Amino acid sequence: MVGSAELTIVHGKGGGVLLKEALCIGCHNCQEACTLGAVFWDEKAQKPMICVHCGTCAKYCPHAVLDLEESVAEEVPNVR
Amino acid sequence: MSVDRLCRVLYLDLTRKTHEVRERPEVFEPGLGGTHAAIRLLEEECPSGADPLGPENAVVFAVGPLTCLFPLASKTVAMFKSPLTGNLGESHAGGRSAVAIRHAGYGAIVVRGASDLPIYLVVGGSRVQFRDASAIWGMTRASTSAKIIRHRESGSGLRTIMRIGRAGERLVRYASVTTETYRHFGRLGLGAVLGSKKLKAIQVSGRASIAVTDPKQYQAVYDEIHTAAVESELMKKYHDLGTAVNVSHLLEMGGLPARNLRETRYEGAEALSGANLAANYLGRRLACAHCPVACIHIAALRQPYEEEPYFYKTSMISYDYELIYALGTMLGISDAFGYLRLTEAVEDCGLDAMTTGVVLAWATEALERGLITTAETLDAKLAWGDWQAYAQAVHFIVEQPNEFYRTLAQGVTAAAERYGGQDFALALNRVEMAGYHTGPGAYANYLTGARHSHLDSAGYTLDQKADPQRTPERLAAELLKEEQWRQILSSLVVCFFARGIYKPDLVCRALAVAGVSLTEDDLGRLGRGILAAKHRLKQREGFSWTEYALPKRIFETPALGQPISEEALRQTVAEFARLAAEAQGAG
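From first to last, the protein sequence lines are chains A and B.
Just so you know, we're using the working numbering here: the first sequence kicks off at 1 and counts up by one.
Just so you know, we're using the working numbering here: the second sequence kicks off at 1 and counts up by one.
This is chain A alone, in the form it adopts within the complex (with noise of 0.2 Å):
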């Protein structure tokens, strides 16, 4: 997941993950380092499509089982 000194895809302030779009190689690590399968791959840029918390998601769930809150780092579980 490290493409240089500095980390290409690092945590969010409100949660979720960013890209730094500048300093992807597209080496593809991060998609299959993913167990969840949740990074998808745009093919035309060549980069991976990480989530941008648009919450579009959660505004079509016919279900209202997915909701967008913002939390803080300490919040989210599994962050070591």
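Just so you know, these hints were derived from the structure itself, not from any lab.
Quick caveat, the model's predicted, so the values are computed rather than measured.
Using N, Cα and C, we set each Cβ at its ideal position, and we do this for glycine too.
Mixed in with the good hints, there may be bad ones.
Unchecked claim - Pairwise CB distance ranges (calculated): (1) A:A22 <-> B:S154: 51 to 59 Å; (2) B:E56 <-> A:L7: 50 to 58 Å; (3) A:E69 <-> B:R207: 45 to 53 Å; (4) B:Y305 <-> A:L7: 39 to 47 Å.
Mind docking chain B on chain A? Use the hints.
Structure of chain B alone, referenced to chain A:
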């Protein structure tokens, strides 16, 4: 390909994230696996006085010489030091586990050390991968984490995935390991041991072949076993209604523990019978790999969403006699839906159903008697039949938000030591009782069995065959003999349900085809030796035949209509100890 592949042992070191394969013919000598090999490997791996939840504890999985070759030889034996008893832990499970391990080319897998980060392992033949499990650690539903592994890894159809749930991660001393969603290494806390090692799951698969000495003879012995399996009455019973068939039977006889063993029957218990579950909920039946019986009964539980009409969630929930006892009658549940919902809660987090039920039954009575209050239970109003309150408590046992639930997470003996109520805390040698209140045979079995499991020597079946000549001495001898023979079955890894088929003569012929030449006398000697080895390890870890407590409740409630005599029970245990010491000396 040679038949000696059984002697290959895969060593997995979680601390260093390394693996090694070693040929260990001396461990399997003269050709048995299962408990025979596992006790030898555990003796080597687990140092005296090891902390069950420390990296020094080891876990051994072992399969047998008949696995893959013959039907009904598809059990995996797990051995470890138990965090529930602080002594020998042994648990058996089927599913695809044994067949997958043998096809991967191993007779046993040894897990050593502990990982610093959550991991899961993928074993494919000689290739072993250590995978990051951080993203699936902490998931509320164990089946979801297993589903993610299934999707991410290849090997569908041939593999086993043995995994823990939240209870194992949280080190509940009776957390289980689930394999293929519906089968379990249920008892004695293997799940907590894996949790302490930060090992979320192990996937195993492979395509190794297994040779036979004489193909013609192989076919003949195979047909004999297969025909017996599909035609036997006993197997038909397990196929039709499953182990749940015993519910009505035991209720009728007055041997099914109900409401913390205050009674053996109550209004509404019949709702949990095998016939009722099959008529209203049975969704499908499944078999372990290479079993023509298919005793696994799975309920389809359709649950409506409250806010939307015609919208349902359907869960598939495996049910068995022991679960119906522990999460049903022991808690006074009188509707099948509630029983299944509670089972689902227990499955979601990966707890041993039997211990959980006994713990909750004690807590209900302790609450009734004022030993604890709803301040301790965090407002869970535990009351007979209230499955929702029990499901709430199951969640608390796993998350352990206060001292009360932290204590419950250590088993009923620990709970009674802290809060009182020893007289109705139904564990023998720290292992919560099974669903048989049938008489002295059952209790002598719980007390003397190496695992303190009803399956060690099946004392409950002796109780059901009344014999006026059965003195405590004779009962002890019968239990010991049965337990010694079962060491052979569990070293072949034959399912105990098939014990009526795998008689000594047939075992010798099946072994011969697998390249193992043993006589019936050899089997007898080996069985005695394996049990003696277990007793030695137990004594090394502090087990004593004379120090045990008997909850008064077992003498207050008649068993099959008769009160149990404490004196006769103690005599039986003393005689068993004497005979076992003699056998140990002879070995």
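Hint by hint, here is what the structure shows:
1. A hinted range of 51 to 59 Å for the beta carbons of A22 of chain A and S154 of chain B is inconsistent with their spacing of about 35 Å.
2. Taking 50 to 58 Å as the suggested C-beta distance range, the pair E56 of chain B and L7 of chain A does not conform, at roughly 37 Å.
3. For the pair E69 of chain A and R207 of chain B, the beta carbons lie near 47 Å from each other, so the given range of 45 to 53 Å is met.
4. For Y305 of chain B paired with L7 of chain A, a C-beta distance near 42 Å keeps the hint of 39 to 47 Å intact.
In this structure, the hints that do not hold are numbers 1, 2, in rising order.
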